[in-house]
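A.B. asks: Residue numbers (the numbering used here): 7 to 1033.
Among the hints, a few may not be true.
Stated by the list, open to error - Listed below are the simulated DSBU-like cross-link pairs for lysine-lysine, each with C-alpha atoms no more than 35 Å apart in a straight line:
no., residue 1, residue 2
1, K894, K981
2, K78, K151
3, K763, K782
4, K151, K809
5, K160, K78
6, K809, K78
7, K283, K719
Unchecked claim - Label-pair restraints from in silico Cβ distances:
no., residue 1, residue 2, range
8, G982, L16, 54 to 62 Å
9, V727, P631, 47 to 55 Å
10, Y878, D752, 30 to 38 Å
11, M853, K763, 51 to 59 Å
12, T708, W532, 18 to 26 Å
13, L250, G716, 46 to 54 Å
Please keep in mind that the hints were generated in silico from the structure rather than gathered at the bench. Glycine is no exception: its CB is placed at the ideal position from the N, C-alpha and C atoms.
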Amino acid sequence: MFIEMCPPLLSDSLDIKCTLNGKFANCSNLSIPDTIAIPSCKPTYIAPIGLEEIPFELHCQSNGKWNNQLYKCNPYCGRVYTNSQILIANGKKAFVGTAPWNVGIYRLKKENINYDLICGGSIIAPNLIISAAHCFWHRELLSKKISIDDDSYKVAVGKYDRNFTVVDNDFTQIINVEIIYLNEDYYGPNGFHAHDIAVIVLSNMVSFSNVVAPICIDWNNKYNVSNGVEGKIVGWGNTEKGLLSPVLLETYLPYIDHNSCRDMYTNGFQIFVTVDKFCAGSESVKFIQLTYSLAMKVTYSWWIYSCLIFVIGIMCNKSNERQVEIVESSCSETSEDTFSCSDGSCIVRSLVCDGQNDCLDGSDENKELCNQYLYEKNNTTVCGRVYTTGHPVSTIDAKEAFFGAAPWNVGIYRLNKDKINYDLKCGGSIIAPNLVITAAHCFSNKGILPNNVLINNDSYKIAVGKYDINLTIVDNDLTQIINIATIYLHEDYSGASYFYDYDIAVIVLSKRISFSSGVAPVCIDWNAKYTVLNGDQGKVVGWGRTENLTYSPVLLESSLPYIDYRSCKNIYKDGFHLFVTVNKFCAGSELVSVDGVGTGYGGAGISFVHSNSYYLTGVVNVKEPILKYSITVFIDIQHYIYWIRQLYTKYSNPVCISIYFCILYLYDIQFCILPKIEGVVYSYKGSNEVLAYGILIDQQRTVIENCDVGYHKAYPNSFRVCQGNGKWISTSDKLCFKMCPPLLSDSLDIKCTFNGKFANCTNQSIPDTIAIPSCKPTYIAPIGIEDTPFELHCQSNGMWDNKLYECNPYCGRVHTNSQILMADGKKTFVGTAPWNVGIYRFNEKNMNYELICGGSIIAPNLVVSVAHCFWYKEILSNNISINNDSYKVAIGKYDRNLTIVDNDFTQIMNVATIYLHEDYNGITDFYANDIAVIVLSHRILFSSVVAPICVDWNSTYNVLNGVDGKIVGWGRTEKGTTSPVLLETYLPYIDRKSCRDIFKNGNFYLFVTTDKFCAGFPLGNKIFNYE
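Given these sequences and hints, build the entire structure.
C.D. replies: Next up, the structure:
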């Protein structure tokens, strides 16, 4: 006789004590039936909610299965496992275990074949680390997902000594990095190091212990940190002597919120304090460089909040004495955000030529260097620069352009499906790393497109840094081919029917352009600062027609004199003047009879020089086809500044090739930028038009503030006034609070209150709303919730502080007080078997549905029945998808007729899928494995008379011979006819062996296969067919 043993019990988070007949047993091997296992969380783990106080045992059963499943404990997060004293805020040596979540991130240095510490990080899961994106980012990075296929990066856990080769203790673990995910919006110094966060996936799981454990994450924004609350930070930063520490340091820094931190800086550094950052530290304490994660203590755990932003910057002490942060002990060359002093030390780039010696040798104030700086300062912006050493073109007839003559120019290509190549369609001008301006007519040859066109294929591409017209030719290292994500046509553009007015489009690219000396944006005169006069020469480039009237294979450049709107309109008297609308100007000459800028230049920009930079003034629109003038009509950009700015602020960040250029540009603005504040919408007084984020508001102008849909307005009236110099005065600190989503549940009654009064939580809820859920009358709470008081609180971040649980429907409960009926098939009462369903199949001959089988509800969308109801010999798969109405399931039915709606609980549903047991083969195998599960197209609504049957998932119960079981159906009556109404009877249980013995005189016992039992009266009443 063979005894089935239960499988081993293995867990990383549980200690499992096992006994058999009161003696020790080893459950990590196979276990004998009647073995008892008692799991408990390991010392550094905690039980999941609802299991802390519940005694939990597993029993090995005779069928070789445990009667329950092991749960999984969660590791303690943010717990410090050292009794060391609290250290003070100038970087003292840390004790082992003082920050068990801390890791060191090391990179292989191939020159000396060792690993150098590059950054710190924090453990958040056994295989996940949070760190900063700048530790891994570089300009040539092609993807924000970095797969590490070699040993170039390693993470050291439980480390104290900086040296990678030193194994500090038994808990030290060195693990390879598998993948590094950088935030997709991180762009280094060009984006002021906003979104500077990375998640590292390890190749192996970290083993947790007393001194190695994860940090907590406030996933639900449950906690707030107030100014002055101290947070712990550890790392191997600089000591007071300016040297890199050989051992782990620890310090405590007080929290400073975003706004307070920005107000501390007046030297331009505040632009690095982006909206996703806060600060920590003190003006009275010298700064110690620690590029590691900051944690705040909440109750008895530490929670990670952010990475410190003080990687570069200036701190001022109480006497306002300047103290310069040395970014590194030395650096080999100047970068975009650092400057290499002559003595080899580095300072912040923004300190160069500020009138004070910040390098010890004064090399940051060098006269020659500062002359160059002043030249850049006078230009005030980095857009519209020409980087060619060639001679400028000054003629109307197009000449070959020099490389870099118009670094903002792009070619727009469309896929030619017939030739399977890309044809040049139009030109365009870069205005931001991911935005290009062109003409709307470039995209409307086959009828006017929608105003917002999403490009989900490769039908359009733009080419940057191109000289040759052929897209397949890579002209130089700066050439970039990028897909188009979205095309915005001006909403009033209607093509030729409106004389090509409003002929302007903005293209959003699928990824950002990499700027360089040969690829850069053109300037936009956002504030109408400059005026172009008749005769001023403007530059335009493109692949237009040459003197031979053939398309140029290379980029051409022309210089055209400006003609204002009225002067241009007066040139044309033959009807073409209708195309010169008020939103346009012209450029060219009546005296020059060349093709000029015509066919092949569509969408290209014309730019004029102001303050040594080129500003985009117009976009090529139309040209008179008959006259041989060189004159071309252009769309005037100034008429569309507001429309362009809306898209610019939606999709783009300021373009900064050097930090101090951005600072100077910001300080040049004498008005206020409308800030983007979550939930707030702006308008002028008396106007319903919503103002776009990022637009410029004149001094002393008042803007009304309201809340967007889905936000609660804390004050009835709110406005802000522009005080000039970019400063606002607002009447409220925080106006709009995100509302919590509706609470909806099929199984719960939810009572909500706000300030003690009734609130309706089926709509969005105001912060501080309290919701108390309880199971509906026909449902039961899950294990562990029955006696637990449970409340949900709507928080100020628009999230409930907990999730609704789901009650389980009462299973196997009879919800009628009818008398028990006898075993010869009496009419049943509604609700006596609320799990019963009828299964109907469409009969195409008589065009109605016929009852073919019964079934039992086991879940809101699942019904158990038998396989023989659906199987046939030619069936190709035991997984049957039902794409038509060929099968229906009737719930809560009494009358056999499908068309009769018996009561308010009757539900008719389509079948989505039928799963037959994979080993079912019909009569060939004596109908063994005759079971099917039906998936419904919709969920059943449970009630007092519609509910599921229970399933003994863990084989807890045994049924003995003679115990009565209930069966219902529309079977045959005593007269041998099918019943028109539901019947019910009780039949006694007969185990398989006894049943086979009943039929031993014939062959029918073969049909009593190992997966079956019987029920009925072998010597008495008849057993009827119940379908």
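A.B. asks: Please go over all the hints and tell whether each is borne out by the structure.
C.D. replies: Going through the hints against the structure:
1. Restraint check for K894 and K981: satisfied, since their Cα atoms lie roughly 29 Å apart, inside the 35 Å limit.
2. Taken as a hint, the K78 and K151 pair is honoured in the structure, with Cα atoms around 30 Å apart against an allowance of 35 Å.
3. For the given pair, K763 sits about 22 Å from K782 by alpha-carbon distance, which is consistent with the 35 Å threshold.
4. A C-alpha spacing of about 31 Å is found between K151 and K809, which places the hinted pair at or below 35 Å, so the restraint holds.
5. Taken as a hint, the K160 and K78 pair is honoured in the structure, with Cα atoms around 29 Å apart against an allowance of 35 Å.
6. Distance restraint check for K809 and K78: the Cα-Cα separation of roughly 19 Å lies within the 35 Å cut-off, and the hinted pair is therefore satisfied.
7. Using a Cα cut-off of 35 Å, the hinted pair K283 and K719 holds, with the two alpha carbons roughly 25 Å apart.
8. Checked against the given bound of 54 to 62 Å, the beta carbons of G982 and L16, roughly 59 Å apart, stay inside it.
9. Under the hint 47 to 55 Å, the C-beta atoms of V727 and P631, about 53 Å apart, fit the expected range.
10. Separated by about 36 Å at the C-beta atoms, Y878 and D752 satisfy the suggested range of 30 to 38 Å.
11. Judged by the Cβ atoms, the range 51 to 59 Å given for M853 and K763 holds: they are separated by roughly 57 Å.
12. Checking the proposed 18 to 26 Å range against T708 and W532 shows it holds: the Cβ atoms sit about 22 Å from each other.
13. Here the CB-CB span from L250 to G716 is close to 49 Å, well matched to the stated 46 to 54 Å.
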